[in-house]
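Undergrad: Heads up: the sequence lines are chains A and B, in that order. Read in order, the letters of the first sequence correspond to residues 270 to 575 in this note's numbering. Read in order, the letters of the second sequence correspond to residues -7 to 510 in this note's numbering.
No lab work stands behind these hints: they were computed from the structure. Since the model is a prediction, treat every value here as computed from it, not as a measurement. Be aware that one or more of the hints could be misleading.
[Said to hold, decoys possible] Derived EDC-like pairs (lysine to aspartate or glutamate); straight-line CA-CA distance at most 16 Å:
no., chain 1, residue 1, chain 2, residue 2
1, B, K397, A, D302
2, B, K454, B, D320
3, B, K282, B, D145
4, B, K113, A, E323
5, B, K113, A, D569
6, B, K282, B, E234
7, B, K258, B, E234
8, B, K258, B, D247
9, B, K61, B, D295
[Claimed, not checked] Here are the simulated distance ranges between beta carbons:
no., chain 1, residue 1, chain 2, residue 2, range
10, B, S448, A, G437, 41 to 47 Å
11, A, H325, B, D178, 20 to 26 Å
12, A, T322, B, P249, 36 to 42 Å
13, B, L260, A, L285, 48 to 54 Å
14, B, D178, A, A278, 48 to 54 Å
15, B, D178, A, L506, 26 to 32 Å
[To be verified] Residues from chain A shown here face chain B by an in silico Cβ test under 8 Å; the list is partial:
no., residue
16, I290
17, G309
18, E310
19, T316
20, A403
21, L418
22, E467
23, S523
24, R537
Glycine included, each C-beta is placed from N, C-alpha and C at the ideal position.
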Amino acid sequence: MGVLLARRALLAIPTLAGVVIVAFLLLYVAPGDPVLEMVGERADSATIARLRTELHLNESLPRQFAHYAGGVLRGDLGNSFITGRPISRDIAERFPKTLELAGSAMLLAVVVGMSLGVLSARHPGGWIDRGALALAYLGVSFPVYWVGLLLILLFAVILQWLPPSGYGRPEFLILPALALGMRSIAFLARMTRSSMLEVLSSDFVRTARAKGARERFVLVHHALRNALVPVITVLGLDFGSYLTGSILTETVFSWPGIGRYVVNAIGRRDLPAIQGTVLFLSVVFVAVNVITDLAYAAADPRIAYD
Amino acid sequence: MSLSRLPLVALLILAACRGGETAYRRTLVDARDRYDPKSLDPALSTDVPTGRAVSYLFDGLTRFSPDAKVGPALATRWDVSPDGRSYLFHLRAGVRFHDGTLLHASDVVHSFTRVLDPANKSGRPWPLYPIAGARDFAAGKTSTVAGVTAVDDSTVRITLDTALAIFPKLLAMPVASVVPAKIPPDFSEHPNGTGPWTLVRWQHDDYVLLAKNPEYFDGAPKLDSLMIRIIPEPSTAVAEFESGNVDLLYVPEADAPRWEQTDEKKALLTSAPALRLWYVALNTTRGPLKDVRVRQALNHAVDVRTILDKLLGGRGRLAAGVIPPTLDGADTARAPYSYDPAQAKRLLASAGYPNGFDIELWLPQDATFARVAESIQSYLAAVGVRAKIVQRESAAAREASRNGKTDMFVKDWYADYPDAENFLYPLLHGANRGVGGNVSFYENPTFDRIVSQARSEQDSIKRDALYRQADSLSFADAPMIYLFFYNELYAVQPWVKGFIAPTIFNGQKLTGVTITAH
């Protein structure tokens, strides 16, 4: 396990270096001038020239990159062009909120999605199975912001059960987590179902049933555990979509997380904020991938990494 | 109330107003902002959410009323020298900052110096550039701003490079707010002003919670607190309003017709003629647009009345010039360009384009702009002008237009201060071509001379006449397709009393607003 971690950490270095380079270059190729966004609609060229100099935007691309990469190596992501606040503080303030939302959505997806999958697999073709299938199609087909707005309309405006948006107490979390988790619920339900069906038809399940184990025990202890590997894969892969999905979900539900932060930053060409967030999220991705690999091993003892 | 007890009060307020119940609140919840203020430091203010928040926390020497008149604030009066170059501002006695320190004339000097100081990276020092020596100081050539001095503890003298009649209005802009001489390192998070509201808590991207300043010189706000909620998605803001969780809503342009359909909702609406011009900048230096006849033809080709009625519910007034009709200097008798496709074709033919031409029509990412642009495209097609729509994300579109790379650009312009000059000078003066705001790249020496003369004219009647003259002149030159002045629409909950829709964004400090039982 330790060797695996070390190897993965080493492999992550070139990946992250690549991310730094690409995030940096992309922004310089993209149209839109950060200084014009700083000065607002009416500006004077003296101020623009002065800001350009102060922000090193006049220097050659390699020099700008060296300046930026130097900061990153020292652990300094710089300050926002727009607000002047340190990027690391902005991220530290917002990422826990995104994690809270993504974590809840994921939990919801695991509980609801896998339950639906197990129930569907128990009686393939039954009404639960068919209902879950219909639900899964809807969940996968609707874009997240659309689901979000529909949820707000139904639960907040019409039924008035939950607040439409905001951050704070647990009830603020329910609608956005549902909107964000919808896709995964659908996906996991299908994934668990097919994975379970495969396992349920295998010899050891037949043996378990033959020895007289109760059906619930067979389903949960024997079948579900073996059906977990593909499910973990999906969860790991999906984590990316939780973070990217949070961009839309956070906007619809006014959730003060990192997705909205990066959208704002892009709209205003706040280069350090965009670069810092992209880099940070990449680190998170890499970490999640490693965790996924470790989870495989935990779920299935046949998988070994050394 | 002592400062140390604020957090506790804040918690109570927070608990009360986030409770979801529509019980009798003492907090006004404002959902007009789509994004977080950039900063609560006035020196960094360049946009509406920031400027509005700053105006709750701070005061300038002058301020705007909801109907956009300039009046005294921290200065009770001011004397202007006969040549219009020297101002003597007399400060209000006994005004205190939120931390209890007294306001002195030296704070004013320090505030202006601070905005101009390059170290502070202020994006918008230009309202203070008219002060003598301000540009040199901003460029790092001098160590003080020569033109602003404290005569004594309660008097500030400001000398300008040249006479500028609108100067008192520039001082009502958020960036010219007065801050104390002692600035903590984290001023944006701990702003300390003289304004009617004090900061309790700023949860970034979520809300800004303000409590009333009971010592406010102009009378404490009637409500206990004010919560600015940041809701990026307009539909969500509408849902919050419909659930009764927020009190003030900016009704999105596209949503307005739906609101006006039912009497119940219509009763909640309030509108003000915003100082906001919608227009299509015609780059007068590109291709066929160099010819004035072509630009006039484009104005005759588009049925602006129908666009305003069908796409924006008729909320507004056709533009016959760039000066909003509510401002002095506007010529309300001037007729807009008539919708006359035949005349448009004749003008195009006389300019040498009997078969029209191909051209690009740019616009930023915005649903209402897109609909307006599509209508314009089809009207132009009817007279043979083939406009290709180029829609870009806002920052990219803005950059292209400022760099002169757009033929036609659909945009709007909000006033920073209520004066005809704020339209004529940035939008059309030769000195402001490009980044200054003149994306028509219009340059007419006569126009420039009249506007410059108006800027320094002390007599308001003569000044208004010059404004009118300049507006007529440029109107004939048609550096834009003149669209309309939009009336902004707000929805206000029935239990909110005393909200007056402001004509200018920072003209409403919400001190007189109350909430009745509901």
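Undergrad: Evaluate each hint against the coordinates.
TA: Results of checking the hints against the structure:
1. A C-alpha spacing of about 14 Å is found between K397 (chain B) and D302 (chain A), which places the hinted pair at or below 16 Å, so the restraint holds.
2. With a C-alpha separation of about 11 Å, the suggested pair K454 (chain B) and D320 (chain B) falls inside the 16 Å cut-off, and the hint holds.
3. At roughly 56 Å between alpha-carbon atoms, K282 (chain B) and D145 (chain B) are farther apart than 16 Å, so this suggested pair is violated.
4. For the proposed pair K113 (chain B) and E323 (chain A), the alpha carbon gap of about 8 Å is at most 16 Å, so the pair holds.
5. For the given pair, K113 (chain B) sits about 57 Å from D569 (chain A) by alpha-carbon distance, which is inconsistent with the 16 Å threshold.
6. Under the criterion of a C-alpha separation no larger than 16 Å, the hint pairing K282 (chain B) with E234 (chain B) is inconsistent with the structure, at around 50 Å.
7. Taken as a hint, the K258 (chain B) and E234 (chain B) pair is honoured in the structure, with Cα atoms around 13 Å apart against an allowance of 16 Å.
8. Distance check on the hinted pair: K258 (chain B) and D247 (chain B) sit about 12 Å apart at the alpha-carbon level, within 16 Å; holds.
9. The hinted pair formed by K61 (chain B) and D295 (chain B) fails the criterion: a straight-line CA distance of about 33 Å is larger than 16 Å.
10. Checked against the hint of 41 to 47 Å, the pair S448 (chain B) and G437 (chain A) fails, with Cβ atoms roughly 54 Å apart.
11. Take H325 (chain A) and D178 (chain B): their Cβ atoms lie about 24 Å apart, and the range 20 to 26 Å holds.
12. In this structure the hint that T322 (chain A) and P249 (chain B) lie 36 to 42 Å apart at CB is violated, the actual value being about 49 Å.
13. Taking 48 to 54 Å as the suggested C-beta distance range, the pair L260 (chain B) and L285 (chain A) conforms, at roughly 52 Å.
14. Checked against the hint of 48 to 54 Å, the C-beta distance between D178 (chain B) and A278 (chain A) comes to roughly 36 Å, which is inconsistent with it.
15. Our hint of 26 to 32 Å for D178 (chain B) and L506 (chain A) is violated, since their Cβ atoms are close to 41 Å apart.
16. With 8 Å as the threshold, the beta carbon of I290 (chain A) stays out of range of chain B, its nearest partner Cβ sitting at about 23 Å, so the hint is violated.
17. Nearest Cβ of chain B to the Cβ of G309 (chain A): about 3 Å, under the 8 Å cut. The hint holds.
18. Because the smallest distance between the Cβ of E310 (chain A) and any Cβ of chain B comes to about 6 Å, under 8 Å, the interface hint for this residue holds.
19. A cut of 8 Å between beta carbons decides the hint on T316 (chain A): the least distance to chain B is about 6 Å, and the hint holds.
20. At a threshold of 8 Å, the smallest CB-CB gap from A403 (chain A) to chain B is about 27 Å, leaving the interface hint violated.
21. About 6 Å separates the beta-carbon of L418 (chain A) from the nearest beta-carbon of chain B, less than 8 Å, and the hint is met.
22. Of the supplied interface hints, the one on E467 (chain A) is violated, with its beta-carbon coming no nearer than about 42 Å to a beta-carbon of chain B, more than 8 Å.
23. At its closest, the beta carbon of S523 (chain A) sits 5 Å from a beta carbon of chain B; the interface hint therefore holds under the 8 Å criterion.
24. The interface hint given for R537 (chain A) holds, since its Cβ lies 7 Å from the closest Cβ of chain B, which is under the 8 Å cut-off.
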